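Per the working numbering, the very first residue in the sequence shown carries number 1; after that it's consecutive.
Don't read these hints as lab results, they were simulated from the structure. This one's a predicted model, so the numbers in the text were calculated from it and none came from an experiment. Quick reminder that beta carbons are idealized off the backbone N, C-alpha and C, glycines included.
Derived CB-CB ranges, DEER-like:
(1) Arg-45 / Ala-217: 24 to 32 Å
(2) Gln-148 / Ala-106: 13 to 21 Å
(3) Ala-11 / Arg-162: 19 to 27 Å
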Amino acid sequence: EIIAITFTNKAAGELKARLEVACGDAGRDIWAHTFHTACTRILRRYIERLGYNSNFTIYDEDDKKRLMVSIIRDFGFDEKRFDPKGVMSVISRAKEALMTPEAFAAQAGEDYYKKTVARIYAEYQKRCRKASALGSDGIICKTVELLQTEDDVREYYQRKFRYVLVDEYQDTNFAQHSIVLQLTQENQKVCVVGDDAQSIYSFRGANIRNILNLRNAYPDLQIFKLEQNYRSTQTIINAANSL
Numbered sequence: 001e002i003i004a005i006t007f008t009n010k011a012a013g014e015l016k017a018r019l020e021v022a023c024g025d026a027g028r029d030i031w032a033h034t035f036h037t038a039c040t041r042i043l044r045r046y047i048e049r050l051g052y053n054s055n056f057t058i059y060d061e062d063d064k065k066r067l068m069v070s071i072i073r074d075f076g077f078d079e080k081r082f083d084p085k086g087v088m089s090v091i092s093r094a095k096e097a098l099m100t101p102e103a104f105a106a107q108a109g110e111d112y113y114k115k116t117v118a119r120i121y122a123e124y125q126k127r128c129r130k131a132s133a134l135g136s137d138g139i140i141c142k143t144v145e146l147l148q149t150e151d152d153v154r155e156y157y158q159r160k161f162r163y164v165l166v167d168e169y170q171d172t173n174f175a176q177h178s179i180v181l182q183l184t185q186e187n188q189k190v191c192v193v194g195d196d197a198q199s200i201y202s203f204r205g206a207n208i209r210n211i212l213n214l215r216n217a218y219p220d221l222q223i224f225k226l227e228q229n230y231r232s233t234q235t236i237i238n239a240a241n242s243l
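Throw the hints in and build the complete structure from the sequences for me.
Here it is, written out as structure tokens:
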């Protein structure tokens, strides 16, 4: 009845190993994963409802770049002005904010660069669907879409995961935060660990408001402060606290 989510495969593997030591064979049944691994498991079972094949391909960064280069060249856009890596980054940020190509185009206004990226984004989604492929950001977005649109799937996982634990919550983006909200909106049994002073990943989509405004989603939230520092000397702590 527990899902434990962390941010790296190494940390998830260590957590899983500790659970098996503590709980024996039962520890193997606990979902201890990264967001991407947990979402992939969910999508393998239900993504056909969204028009994808259950054995969908997961694109790595090289696959995504090749597809992006192909789209930019097919449209005849200048690759210097529309650098594939830069365009990929803009699209990724849009996905992390759960913005569809249509929503991105609507907020682009008269900005030529953004309007063009919106066209590329729409074509990128079209080709990914045709190939039944998802990138890492697409895996998160499609899981949100699945939980929002398929009531029975959402209710199944709400019952399955009565307790949701998430590490490093200051590093979550809006899409990841949305998954947590979907899983816990009924029973409110969630535990997150985080430190707003360690939020350093905004450049890759982390949203500090997820942890700062958590009480808005969970009115009965309790906060436990772990204020003893076991890593640093007092000199370092004093310096850090003064900044």
